[in-house]
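Peer 1: What follows is each chain in one-letter form.
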Amino acid sequence: MSDYAIVTKALTKRFGHFTATDAITFEVAKGEIFGFLGANGAGKTTAMRMLCGLLTPTSGEAIIAGYNIYTQTEQVKKRIGYMSQKFSLYEDLTVKENIRFYGGIYGLNYRQIKSKTAELLQKLQLEREARQLVSSLPLGWKQKLAFSIAVIHDPSIVFLDEPTGGVDPITRRQFWDLIYEAADSGVTVFVTTHYMDEAEYCDRISIMVDGKIKALDTPGRLKAQFGADSMNEVFLQLARAKSS
Amino acid sequence: MRTIFFILQKEFLQIFRNRIMLPIIFVVPVVQLLVLAFAANYEIKHLSIDIVDQDQSTWSRQLRDKLLASGYFSLHRQTHSTKEAYADLEGGRADLILNIPRHFERDLVRENKAQLQMLVNAINGSKAGLANGYALSIINSFNRSIRLNWLALKENDGPEHFDVSYRYWFNPDMNYKYFMVPGILVVLVTLIGAFLSGMNIVKEKEMGTIEQLNVTPIRKHHFIIGKLMPFWIIALFELAFGMIVGKLVFGLPFVGNIAWIYLFAAIYLLVMLGLGLLISTFTDTQQQSMFISWFFMIIFILMSGLFTPIESMPEWAQRITLFNPVAYFVKMIRMVMLKGSGWADIRYYFGVMLLFAAVLNSVAIWNYRKRV
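Going down the list, the sequences are from chains A and B. Under this note's numbering, think of the first position of the first sequence as 2, with each following residue one higher. Under this note's numbering, think of the first position of the second sequence as 14, with each following residue one higher.
Calculated from the structure, these hints are not laboratory results. Watch out, some of these pointers could steer you wrong.
[Said to hold, decoys possible] Some residues of chain B that are not near chain A, with every Cβ distance over 12 Å (derived): (1) 27; (2) 85; (3) 228; (4) 297; (5) 298; (6) 326.
[Said to hold, decoys possible] For each label pair, taking beta carbons as the anchor points, the in silico distance ranges come out as: (7) B:295 <-> A:228: 50 to 56 Å; (8) B:34 <-> A:123: 29 to 35 Å; (9) B:14 <-> A:195: 39 to 45 Å; (10) A:8 <-> B:360: 56 to 62 Å; (11) B:295 <-> A:19: 20 to 26 Å; (12) A:8 <-> B:14: 50 to 56 Å; (13) A:242 <-> B:298: 36 to 42 Å; (14) B:14 <-> A:198: 45 to 51 Å; (15) B:29 <-> A:75: 28 to 34 Å.
Here the structure is a predicted model, which means the values were calculated and not measured. All residues carry an ideal CB built from backbone N, CA and C; glycine is no exception.
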């Protein structure tokens, strides 16, 4: 067992002649908050889907929480959480029912589900809304709830696919408080985002361009490397290099 | 097992929270049974008839009265002119024309035979057949009574017809509702099985929640069982509900053992759910899934022998019905309900249905991929 939560070697995915993810190699340490950046179509989502077991890679290797993504899919799935911006909660179920359902399919017993539900509702201050349908909640609350449900089974790693799309800065800040809290308790966080201020919150970030990882380091060192004042500038330099 | 339980719990919550689900379960079957059972009646009364009486004799009038008294015909026009009658037939105002030629009575008395002409509008083939049949039998009986009573022929004077006495077995009153209602129950169960189950799986795709489920440790078979079982249960409930309505409203006879019907329905539903599952693997939206289900349903139901007998279909069509699960169930439920058929008569149907269930579900599961 290594100290890494995620290890990939030359992980590649091709769709026909198009190479969406081109031999990416990186490691993510346990408990790290790892930002995964890139323009639309750079291959972030494909990479993430392979790591979650939603897509089979064309070639290369990946070890998630110590398990091989080709042969030990079920073990991998038990140890990861996943949240995407678009979907995840059932809008026609109540807050409580969503928690119960996901707790149940992750194998929690009734006592655990009950205590988790109480803990979670209290943390998110959703006690009054517990019996409301999720469809009636504001987007920001849904996202916080979705994140809390994604880590309900105390996974080793949680994958977040643009988790804060479309919400106000205050809610985003609150969302990141939840992420820090999870990271403090030892959960590895793998997050994609388009917000450069969020990139600054990460321990390390990688920037993908055209299916390849073009940069990977801490935000501070990346800024120094590219002689930039902000992550925004780093990102633009890399993205422009592509178009020229 | 626990996983399946949690999925089932979620499914039932979602199904019953859906505002149109309860009406679908309770109103649709009642309406279908009431409307279809009364509407789908093969007996036709009040066919409109034009009688062209060129003879104007006692006997021609008697023949006319006899036809009209039967209740099957109502007189649209009585005329001397064949032209007028043809115009009625062409214009769709008359279903048939009876042409009584001049000297009908004279020929009958003198030569002991006479001719009649009948023209039937055959745009609707089965209606034409019935009209023809009714008219012929009435004319025959008229013929017979004339021979016996008026011409005073002796019976052994070479009667030109034989009397056939008949009895309808298994449905002595030829009550069409007894015949239709079991078939409509099959349609009900089929709709719930194939339509709703397919849509239910596709809904997860459409909403995108299937992504989330695919990263959880839910196994393929857990997911499939959890998604399909609610409709298996609802459809069986529906069958019971429909049978109760059938019994109360139509006095449906249950000659055979209902347990056979239930057991058969349980297997039959596996076939329909398998079909729904298979359709869901090919489609991405509920709309697509519904359209494809509808395509199969219309063929299955029209070729099931529910409305038109399979025996009257052309050879090639009859061969297609060998692959139609609905046809087997319609036949089987009628046999058990009306005739009281037992295991020896229906085991063939059980065998076929088990085979269908095995093949269809294998294909569907093979085709269903958890990794998209």
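Peer 1: Hints first: check each against the structure and report whether it holds.
Peer 2: Cross-check of the supplied hints:
At roughly 5 Å, the least C-beta separation between residue 27 of chain B and chain A is not larger than 12 Å, which violates its mark as non-interface. Distance to chain A confirms residue 85 of chain B as a non-interface residue, since its nearest Cβ pair spans about 55 Å, more than 12 Å. With a least beta-carbon separation of about 4 Å from chain A, residue 228 of chain B fails to lie farther than 12 Å from that chain, contradicting its non-interface assignment. With a cut of 12 Å on Cβ distances, residue 297 of chain B stays outside the contact zone with chain A, its closest approach being about 14 Å.
Residue-level check passed: residue 298 of chain B sits 15 Å from the nearest beta carbon of chain A, beyond 12 Å. No beta-carbon of chain A comes within 12 Å of the beta-carbon of residue 326 of chain B; the shortest separation is about 44 Å. Residue 295 of chain B and residue 228 of chain A have their C-beta atoms about 54 Å apart, which keeps the hinted 50 to 56 Å range intact. A beta carbon spacing of about 34 Å between residue 34 of chain B and residue 123 of chain A agrees with the range 29 to 35 Å that was offered as a hint.
Between residue 14 of chain B and residue 195 of chain A the CB atoms are about 42 Å apart, so this pair conforms to the stated range of 39 to 45 Å. At roughly 59 Å, the beta-carbon separation of residue 8 of chain A and residue 360 of chain B lies within the given 56 to 62 Å, and the hint holds. In this structure the supplied range 20 to 26 Å holds for residue 295 of chain B paired with residue 19 of chain A, their Cβ-Cβ distance being about 24 Å. The beta-carbon spacing between residue 8 of chain A and residue 14 of chain B, approximately 35 Å, falls outside the hinted interval of 50 to 56 Å.
Checked against the given bound of 36 to 42 Å, the beta carbons of residue 242 of chain A and residue 298 of chain B, roughly 40 Å apart, stay inside it. Evaluation of the 45 to 51 Å hint for residue 14 of chain B and residue 198 of chain A yields a pass: the beta carbon distance comes to about 47 Å. Separated by about 32 Å at the C-beta atoms, residue 29 of chain B and residue 75 of chain A satisfy the suggested range of 28 to 34 Å.
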